[in-house]
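Student: Sequence:
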Amino acid sequence: MTRPAAPVGPHPVELAGLLHELTARLLSADTFTQALERLAAFAAGAVPGAVRASIVLIGEGGPLTHSGHGAPGAAVDAIQYAAGTTGPGLESARTRAMVTAPDLATDARWPELAEAARTEGIHAVAAIPLDLPRAEVGALSLYFDTAEAPGADHLLTAMAVANQSEILLDELRRREAQNAGAAVDRAIGVIIAQRGCGVQEAYDILRDTAQRLGLDRHAVADRLIAVAARNA
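Just so you know, we're using UniProt numbering here: the sequence shown kicks off at 1 and counts up by one.
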């Protein structure tokens, strides 16, 4: 009698526990940057054999946002994201598809990364797309020190982590925007109280101040609130 093939992939109970831990770690982060750092550290530990995990996010008109965990592969990331033009993580982000490389040190698609990969002992790479509907696209990249890694079960774990991260990071972006909006409203109240002006004039003052200082209005709002709190 032929036995049924063993299921490929992580055990559902283990995966559920993994995603629960990921959710708790990210949603308890104080800042979005801290959440990215926690995600990189978590992914590097969650996928067996990974020696580094990194995240890159691409927003409209702004610089790349990236974070990584694990020393091997740091130079590969530095080259890829400094140029902002080439590499498995950026290709995955822009094509919205998983990108794999059995051996980055010999992959003809990214010759700029080959020397750094050889020096750091990086071979296989898997980059999984991230989609944050509110602002950004990106990718979660995993680096391995052996060729042909990872297997299908490890890829399933990485994909589950990436999919859950999309939801969590988008929620953190929503909270960030909500908090920024509240700060602007508080700053407008401060300007009105200090200058005795109307609402529209207060918004104009905040905008002009931000332009003069070369900052966004949320940063200026935070400063105004902090100064008002000290004076009070």
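Simulated from the structure, these hints should not be mistaken for laboratory data.
Think of the CB as a built atom: it goes at the ideal place given N, C-alpha and C, for glycine as much as any other residue.
Each hint should be verified, as a subset may be incorrect.
As the list claims (entries may be wrong) - Ranges of calculated distance between the beta carbons of each label pair, as one might list FRET restraints:
#1 Gln211 <-> Ala75: 34 to 40 Å
#2 Asp208 <-> Ala83: 32 to 38 Å
#3 Ala29 <-> Asn163: 30 to 36 Å
#4 Gly214 <-> Arg175: 23 to 29 Å
#5 Ala228 <-> Ile167: 35 to 41 Å
Student: Run every hint past the structure and note whether it holds.
Tutor: Evaluated hints:
no.: 1; hint: Gln211 <-> Ala75: 34 to 40 Å; result: holds (38 Å)
no.: 2; hint: Asp208 <-> Ala83: 32 to 38 Å; result: holds (36 Å)
no.: 3; hint: Ala29 <-> Asn163: 30 to 36 Å; result: violated (19 Å)
no.: 4; hint: Gly214 <-> Arg175: 23 to 29 Å; result: holds (26 Å)
no.: 5; hint: Ala228 <-> Ile167: 35 to 41 Å; result: holds (36 Å)
The structure fails to meet hint 3 from the earlier list, while all remaining hints are met.
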